[in-house]
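S.K.: Now for the letters of each chain:
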Amino acid sequence: MALKIVKGSIDRMFDKNLQDLVRGIRNHKDDEAKYISTCIDEIKQELKQDNIAVKANAVCKLTYLQMLGYDVSWAAFNIVEVMSSSKFTYKRIGYLAASQCFHESTDVIMLTTNQIRKDLSSPNQYDTGVALTGLSCFVTPDLARDLANDIMTLMSHTKPYIRKKAVLIMYKVFLKYPESLRPAFPRLKEKLEDPDPGVQSAAVNVICELARRNPKNYLSLAPLFFKLMTSSTNNWVLIKIIKLFGALTPLEPRLGKKLIEPLTNLIHSTSAMSLLYECVNTVIAVLISLSSGMPNHSASIQLCVQKLRILIEDSDQNLKYLGLLAMSKILKTHPKSVQSHKDLILQCLDDKDESIRLRALDLLYGMVSKKNLMEIVKKLMLHVDKAEGTTYRDELLTKIIDICSQSNYQYITNFEWYISILVELTRLEGTRHGHLIASQMLDVAIRVKAIRVFAVAQMATLLDNAHLLTGNMQRNGICEVLYAAAWICGEFSEHLENPMQTLEAMLRPKVATLPGHIQAVYVQNAAKLFATVLKSQEGNTDGTVTQDTSQLMIERLPVFVQSANLEVQERASCILQLVKYIQKLQQKDVEVAEEVSALFAGELNPVAPKAQKKVPVPEGLDLDTWINEPPSESESEDEQPKAIFTKEEPKHSRARHTEVDEKELARRREARKQEQANNPFYIKSSPSSQKVYQETPGVDHIPVIQIDLTVPLKVPGLPMSDQYVKLEEERRQKERAEKKKKDKKKRKEKRSGRGKKHDSGPESEEDITPAHMVDIVTEEMPENALPSDDDEKDPNDPHKALDIDLDKPLADSEKIPVRSHRAAEAAKSPVEDRDADGIATQLPKKKHGKEKREEKKKKDKDRERKKSKDEKKKKKHKSEEKDGDLLGAEVDEPVVQSEEPSQASEPPTSNSAEVSDLDFWLSNAPVPSNIQEVPKVAAAEAASAAEVISGGAQDSEPDEPKDAEMEATKPSKHKKKKQKKEKEDKEKKKKKHHHYHHHSDGVGEESVQNGTVEEEEEPLPSMSNYCLLAENSYIKMMMEDADQVYDIQGNLQDGSQVVVSVIFENKCDSFLKSMEFNVLDSLNSKLQRPEGSGPHDSLAVPFQLPPGVSNEARYVFTVQSIVMPQKLKGTLTFIVKTEESSTHEKLDFKLHFTCTSYLITTPCYSDAFAKLLESADLKSSSVRLEGVNMPFHHLLARICFHHHFSVVERIDSCASMYSRSIQGHHVCLLVKTSGQTVSIDAKCDEPMLLGNVLDEIKQTFSQC
Amino acid sequence: MIKAILMFNNHGKPRLSKFYEHYTKDTEQQIIRETFHLVSKRDENVCNFLEGGMLIGGSDYKLIYRHYATLYFVFCVDSSESELGILDLIQVFVETLDKCFENVCELDLIFHVDKVHNILAEMVMGGMVLETNMNEIITQVDAQNKMEKSEAGIAGAPARAVSAVKNMKLPEMPRNINIGDINIKVPNLPSFK
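If you read the protein sequences in the order shown, they are chains C and G.
All residue numbers for the first sequence refer to numbering that gives the first Met the number 0, where the first residue is 0 and numbers rise by one.
All residue numbers for the second sequence refer to numbering that gives the first Met the number 0, where the first residue is 0 and numbers rise by one.
Careful, some of the hints might be misleading.
Unchecked claim - Listed below are the simulated DSS-like cross-link pairs for lysine-lysine, each with C-alpha atoms no more than 30 Å apart in a straight line:
no., chain 1, residue 1, chain 2, residue 2
1, G, Lys12, C, Lys351
2, C, Lys385, G, Lys40
3, C, Lys15, G, Lys12
4, C, Lys799, G, Lys24
5, C, Lys15, G, Lys145
6, C, Lys15, G, Lys148
7, C, Lys351, G, Lys40
8, C, Lys28, G, Lys114
9, G, Lys148, C, Lys43
10, G, Lys148, C, Lys158
11, C, Lys1035, C, Lys1085
12, C, Lys15, G, Lys98
13, C, Lys86, G, Lys114
Read the hints as simulated data drawn from the structure, not as lab findings.
Bound conformation, chain C alone (with noise of 0.2 Å):
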C-alpha cells in the first residue's frame, strides 16, 4: 500500500507544481499569453483526474493565475472538490482558492454547507480555522443562515483561536443574514470579556464595526466599553473603542463629559501616536456634541489644538497629514482656535506633498472671514499659477470658487473682485471645471442687480476675446464660460455699453466651431440684443444704425440656420425670420422697438434647485390614487408607459390650473407681493437688504453707499483682480476714517441732546462694510414650500439592515435557524438541537398548535420578566444607597456573570433596566477628577452589571412561591387550564434545562441552578434520554421518547399521544435516500399517519443523508392504555446509492414505549401536595435501591430528567417528587437517601402504571 502511494507520488512529481508554472511564465515573458493557455490545458488535464493531490495542485496554480487577471470560474466545482478534502495541506488549498475565486453568484456554493458545516466542527482546530478564513471570504446570505447556529457555537469553544476567528466572522454573518443578529448578540457581548485578549479585540472589532453604521443601538454598552478603555493595555483595542466612543457622544452628551478627562489623560500620558491621534479625535467629537459652549472644556480644545500642531510640524508626512485631517474636524465648531493656526496652513499649502496640500485647502475653507478672504484667495491664485498637473490646479480652482461662495457669498465684500477672479480663472488652460465658472458667474450676475453693470462689461470683453479661450477647443472645457457671458451680456443688455460691438462679436463666423448648446445660447442672445439695440435707436429718427444691425443679423444667421445641432438650426431660423420680417416693417418705417423688446421683457429668477420637490400637494390631491382603476395585474408589468401616463395626470392638469387669465395671474401676483413686503424672512430686491441674515426692519434706514468710483467701470482688456486686494484696503481705511468722523458726529449730536435714533446696521458686522450695497436674491422656491429633509439614506446600505434594537428581549421565534442536515459529531449533543430544531422537522399538522403554546410561553415569560425586573430595580436602588463597600464586596461577581452561559433563546438582560443602568452610570458617578477615581467608577459600574445579571439568573429559577399565591386566589376553575400553562413553562425550563447541559459541557465548571434541582454544590453529568434503537453498516437509529406529549384538549377518552423522536444517523460513506419508516401496529398503540393512507403503509422520512450526516424525524403515536410498557417493531428500509450501484437496504428495529414515557413533568406545590396524598384514594408501593452511588441531588436529577418527575421539596436527604401521566394520573414520590441506599415509596391512583414506572426508575439506577 505505502508503496503504491509512493509510486503514485513519483508519477506525479514531475507535474508542473506552483513553483514551475511561475518560474515558466517568468522564462516566457514574451509570450506569456500563449504559455499560460497551455498551462490553463494542462492544468485542465490534471484536473480531470482522480487524484486529489494533482487536484489540489492544479487548483494551486489556478489560485496564481486568477491573481494575475485570469478567469477561473470554470474550475469551481474542483475547488469544492479540493475542499472537501480529508487532508489539512488540500482542504488549505482548496479554502483559499475559493476565498479568491467565489462571490455570491457562485452557484457551486451552495453545494460547500455541508462541507463547510463539516470543517467548522472538525476535531482539528486548523480545519475549523481554515473553513472559518475562507467562509469569510465568500459567506452568502444562504450560508449565514445555514451555518449562523454552528458559528455561535464555536463562539464558546474551547480553543481561543477558534474563538477569535469565530467571533470576528459573526460580522459578515450579520450583514448576510442580519436576524441573527439579535439572537447571537448576547455571547458576542459575552466575549467583550473573554480571558484571551485575541477573542476579546475581536469582539471590540466587531461591535465597533456594527455600533459605526448604527450607534444607537449600542448606546447601553457604553459602561462595558468604559470599563475596557480604563483597564486594557492593548492599543490595537484602545483605538477601536476610542473611536467607538467618537460615534456615540454625539447620541449621548453626557458621556461625552465623562469621556473628556480619560482621554485628556490619555493625551498626557501616552506615547503612541497613533492612540494620541485617535483620542485627540474622540475629544473632538465630544467638543462637538457639547457645542453647547461649556467653558471648562476651552482648556480641552487648547489641548487638541496644540497637540494638533505639534503634529503637524512634524517632520513625518503622515502625522503632518492626520494633523491636518483632525484640524479639519476642530474647525467646524471652533473656528476661532483654528484660525490662530493660519500662518502653519498656509505654509502646507506649499509642502512639496499632494495629499497635504489638498488638506490644507479643506481647511482653507473654513478659516477665511470677511477680513482674510482677499488675502488667502491671492494666494491661492498664486499657487494656481504655480501648480503642476491639472488635477491639483482643478482642486484648486474648485477650492477657490467653494471658498468664496460658501453659505451664500457670506465673506464677499466686494463682488467686482469676485468677477474679477472668475474672469481670471478663465485663462486657466485645460481645466474641467469650465462650467463651474460660468455657473458663478451666472449666479452672480443674477443675483446681485448691483454687480450687473460690471459683470456684463466684463462679459462682453470675454466675448469680444472668446478667441483667446477657444484656442483648442475640442479638449477645452473652459469654453462653457462663453456661455455664462453670452447669456448675461444678452439678459441685462441695457447695462452694455456699446451693444452693437458686442452683438458684432457674438455673430463671427467661429463661435460656429463652439458646442452646441452653447451657440443655441448665443443665437437667443443674439437677438436680445438686437431688441435693445432697436429700442436704443427709439427716438432716433436716422434708421441707419437699425437698419444695420438688421442687415448684420441677415447676413450672419443663415451660418446658424445650416448648424447641425438642431436647437441652434431651429432659434436661428425662426429669429432670421422675425428679423427679415422687422427689416420689412423698418423699411416701411414703422415704430418696431416696443414690440421687440417685449418678446424678452420681464424677469427671470433664479429658482431653488429642490423647488420643484417642495412644492405642496394640494389638499385632496392624492397623487397615489388610481385615476383609472390599474388594468389586471399581469399586464401591468408590461405595460409600463400606461402606469406611468397614469401618474403623471396630476401634474398635467396643475399645469393647466396655472394658466388662467391674465388678471387672475395679476391678481395673484399683488397678492404675493403684498404677502412678500410683510414677510420678514423674504429677501426682496429692494434696494436695502444686504445680506441674507440681516434683519428687516433695520433695512430702510440703512445708508446706500454709492458706487466707490474709484473703480474703473470699462476696464480695458482682462481685469486684474490683484488691484482690488490694494482698493479694498484703501476703502477700508477711508471707510474707518470716515466711520471715526460719524462717530463723533454722532456723539455730538448725542450730547446735543436730539433724541433721533441711528441705525449703524451693517457696521456692527466685523466693522467691514461692502463695497457694494447688492441683493443677493435668493432663489425662488414655491409658495409654501414644504420643509423637508432631504437625507435620505442609500436603500442599497447593507448596514441599513442591521439597524436592529439590541436591547429589547427576545422574541421565541428569533432563533438562527438550525441545520435540517447535520453533521455526525452533533449526534453526541442532540438534546441541544431537538428543541430547536422541532419546529423545523415536526409534522405539518403539529405545527399549528405548537406555535400556539409557544407563544403563550412567550408571553408568560414576559410577565415573568417584567415582574422581576422591577424587583431588581428596586433592589438596585436601595444597595445604591448604601455606602460603597457593598459596591465593593460585589465586584467579585462580575466572574460569575460573565461564565453564565447565554443561550440562544434566552434574553439580553431587559430593556429597561439597562436604560436605567446606563442613565445611573452616566449622571450619578461623578465625573473623576483624577486617574485614581476611575476604576471606582468601573467598579461600581461592573457591581450593577453584575446585579442585573444575577437578576437576569433568578428569572430561570421557579417562580413557586409567587405562583402558588396565584392559585390561592384564583377559583378552582380555572385550575386545570392553569396546570396546563405550568406544564408548559415546565417543560420550558427543562430545555433550558438541556441546553445548559450541553454548554457546561464546553465552558464546564459552573454551579447549576434550573428548574428542577436547587442549591446545588456539584456540576451535574450531562444527561441524555436518547437510546439506541437500532444499527447496521449502514445507519444508526436513535430514539428518545416522549419529551413532548400531548394531550389532546384534555379529552382523555380520546387516548393519548406520544411523539417519538428519531436520530438517524449515516455511518457509510455512501448517500442514504428513499428512507421509509414503518411500524407494525399493535391494538393499543398506533402510529399516526397522513389520512387517507392505510393502516400499513409506511411513512417517508422527509430527507436524505449524505454520508456522515445525521437528522431527525418525530414521529406521533396514539395510545389507548398507558399503565402497561409497550414495544412495537418497525422496520426502515432505505436506499444506499454508491458510485457505481444502488442497494435497497432493510434495518428492524423495536420502539419501547416504556411507562415512564407516559408521565409528564408537572410542577406541583407543597400545599396541592399535601392535598393530594391525604385523599384516600391513592395506592402506595415501594422499592429500594441499595448501592447508588451519587450524590443525592444526581440522584433527584436523574429521577427528573429521565422519569420526568419534578421535586416537590427537599429536606435534607429526603425528597417529594411530583408527576402527572398524559391521562391524568398522579404519580408521588417520596425518596429517602442514608448511604448507600436509597428508599422510594410511591402513591398513584393507579397501581400498576405504578409498580411499572418503579421498576423503570428501578433499572434506571442499576444501569449506573
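Given the coordinates of chain C, assemble chain G onto it according to the supplied hints.
M.R.: Relative to the frame of chain C, chain G by itself:
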C-alpha cells in the same frame, strides 16, 4: 474594515491581491493597475495615505501603503481603521514575512504566494484585523506548516527532493528586500498585545 490588500512591485506586477469584497476580475485588475499608478508616482518622503476616490469604495476609503525596496504593500481601508495602526500592521506583516521566509525577498513572495496568503490569513480575516502579535501569528503558521509536513510524510519525500533540485536553478537575484533599511520611523505604537 479593510477592503483590499494589494502587493505589487515597482513595475506594477501583482504579487498578492486579496479583496474582501467582490469585484469582477476585470475591475480587480483595474484597481491594481490604478492603485499602482497612484502610488508609484509618489515621492519617497511624502505621506503614506492617499484618498482612494472613486477607484475603490468612495470617499470613506483611504489607501495606506508602504514601500519596501522593490515592493509596495497597499491596504485599502475605511474610516473605522486607524491610519497609523494600519501602517503598523503593514510593518508587522512584513516583519512576519521576514521571519517566516528568513530574510524575505521579492522572489520568495513570487514563488510562494500561497504561503503569503496563509500568513496573511492569520492576521486579517474577512477584512478585519484578527491578530497583531507577531509571535502568535508565527506560532499558528508554523503549527499549520508542521501539520502539512506530517501529512505529506513518506509520500511527500520524493516530491520534496525534486522541488529542491528545481529550486537550485533559481536565477540569481538579490535575496534581501532590505528590511533593516526600511525601518522607516514607525510612529511608535508600542507593541500590540
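S.K.: The structure should be examined with respect to each hint, and the outcome stated for every one.
M.R.: Hint-by-hint comparison with the structure:
1. Lys12(G) - Lys351(C): 28 Å, holds
2. Lys385(C) - Lys40(G): 19 Å, holds
3. Lys15(C) - Lys12(G): Given pair Lys15(C), Lys12(G) holds - Cα atoms ~22 Å apart, limit 30 Å.
4. Lys799(C) - Lys24(G): Answer holds: Lys799(C) to Lys24(G) is near 28 Å, not above 30 Å.
5. Lys15(C) - Lys145(G): OK: Lys15(C) and Lys145(G) at ~23 Å, within 30 Å.
6. Lys15(C) - Lys148(G): 20 Å, holds
7. Lys351(C) - Lys40(G): With Cα atoms ~13 Å apart, Lys351(C) and Lys40(G) stay inside 30 Å; holds.
8. Lys28(C) - Lys114(G): 24 Å, holds
9. Lys148(G) - Lys43(C): 27 Å, holds
10. Lys148(G) - Lys158(C): 23 Å, holds
11. Lys1035(C) - Lys1085(C): Roughly 23 Å separates the two Cα atoms, so the pair holds.
12. Lys15(C) - Lys98(G): Holds - the C-alpha atoms of Lys98(G) and Lys15(C) are around 28 Å apart, at most 30 Å.
13. Lys86(C) - Lys114(G): 17 Å, holds
The structure meets every hint from the earlier list without exception.
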